[in-house]
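So the sequence lines, in the order shown, correspond to chains A and B. Just so it is clear: in the first sequence, position 116 is 116 by the working numbering, and no numbers are missing. Just so it is clear: in the second sequence, position 222 is 222 by the working numbering, and no numbers are missing.
Mixed in with the good hints there might be a few duds.
[Unchecked claim] Have a look at the derived ranges for each label pair, beta carbon to beta carbon:
| id | chain 1 | residue 1 | chain 2 | residue 2 | range |
| --- | --- | --- | --- | --- | --- |
| 1 | A | E150 | B | P212 | 45 to 53 angstroms |
| 2 | A | M28 | B | E195 | 23 to 31 angstroms |
| 3 | B | I203 | A | N258 | 20 to 28 angstroms |
Since the hints were made in silico from the structure, they are not lab data. Cβ coordinates follow ideal geometry from the N, Cα and C atoms, glycine included.
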Amino acid sequence: MEHSTVIEATKAVVTLDVALPGIIWGWMITLNMWAKSIGTGVILVGAVLLYRHKREELNGIRWKMPLISFIFLNIFLAFTLLDLHQPLKMVNIFLYPHWTSAITVGAWMATLFTGLITIMALIGFFDAHSDIKRHSLFANLCRKMSPFYEMIFPFVVFLAIPVTLYTAIIMAESSARELWQAPTELTQMLLSAFMVGSATLILISDSWSREAKRDLALILAISIFLSFIMYMGEYFFSFKSAEAEATLEYVHSGGEYNIEFWSGMALGYIIPFFIAISNLKEENRTLIRFGALLALIGLYLAKDVWLKIPQMLPLS
Amino acid sequence: MKLGFLVDLNLCMGCKGCEVACKVENEVPLSSWRLRVKYIDIGTFPETTRSFTPLRCNHCENAPCERICPVSALHYLDNGIVNIDSSRCIGCAGCIMACPYGAIYMDPETNTADKCTYCAHRIESGMMPACVVACPVEANIFGDIEDETSHISRYIMEHQGGVQVRKPEKNTNPKHYYIGGGNQTLNPLAHERIEGYNLFNNITHLEHVGDPNHSILDRFIAPVFGHEKLDNKSFIDMKDNSKGEN
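Generate the whole structure from the sequences, applying the supplied hints.
Rendered as structure tokens:
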């Protein structure tokens, strides 16, 4: 300890203790949340588009939407597994489920969701590419199941909501981390899904109708705006507990997490918002694609900071 | 029967006997602690006081770790102890994130969560927890808090008004009590941690959660094929190798 350190007379100082754990849930969990937001977001935003527009205006959405969701859900599941210290025991969630745990409920729902998305992706892909695997029994079986796609789609959209939200419940159950206790976390998760769902679909929407592309830009702008307002509210006015206040005070004082947070806000929220708004007036494909990419990067940074900062606080 | 723990901080002299007894009894690996004694200095020299606070699992009646555990590895025993079955643990660290007292750790040898169990195995055999036996001043008091004739119940009754729990606002209803504590000893936000508070080194934060010597790939392979057994010599060899690389 430096003897020159000035310590307030009333302040207590730890003079001997053990080393405390550092970041426990790190970048893999950030990536997990980010990928899940895309995996569910493309389904939610895709459902909005299919409700408002004819399928002919949304060229290839029937197979592209579940395929993107399938890829990102598998990234999410892979990193969920990799983050476990006993990955082979993951099966215990299914053998010995504990239903008060959001981890259990989430794992079951995410597994069901991924299963249904896989079926949709296979049906959609083989339906759209009738020349591929023309004589394959499996491919033809998928094609025969085509009506099943439309049957399960409403259920998949409905299921996408709790699959998106359950991580917020896990965070709420992590009662040691006060910053995550706010119900706003639920709303943030949903907005994240709409934000990156629309951003991802923007990247593949070149051949879609002008109205559909306009809707995507509008969804991106609205979700970014609401999410940004909530982040600002939490960042500056979250005085609901001593822990949350101490966590934010730590970030406010500067350092790498302060830089990462504001980089996330600038890249993922402020810049894409104005790009999306300008795109509503006049379409600029290059600019909106750039904005969509920034939104994807920015959300990762924002989620990363929000995940890690409460873990910096000593609990005992 | 509801087992509880009480520490009279007025008696504790910071000998760390309980900490060592716990380590030995439960074979707690290096870099992990089920029970630790924290030293806190209050005031400005020469008007200073030093307090010692033993910290362990609070065996909450409404335990957030039990609630979040996806496989019921953390579970209640009939006597109120929050026990852990490491053979079922998947190592998700949810319990570490949920415990408001920072009482759970990832065992670096088994890569599963672990914590104080009030020495449930000893209690089953009618013995007291190792830390209680080791305490030279009987600052650790353990017993049935539902039995009003027990030592702990009488102690609590005698010190009514002075009995505290950590973070009561969390509504966890801990079954671990303190006498003679204050905000500065029991509230981690009320004291400052300055670099270098460890006795033998300057490590204030662990770099690894769980096993630091094996990769993520090992986590998949080791349960099937096992992995290289590490002993003290292995650690020395590792150190020498890293010196050689430098």
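message: When the structure is checked against the list of hints, which entries are broken? Sort them ascending.
response: Of the numbered hints, all hold.
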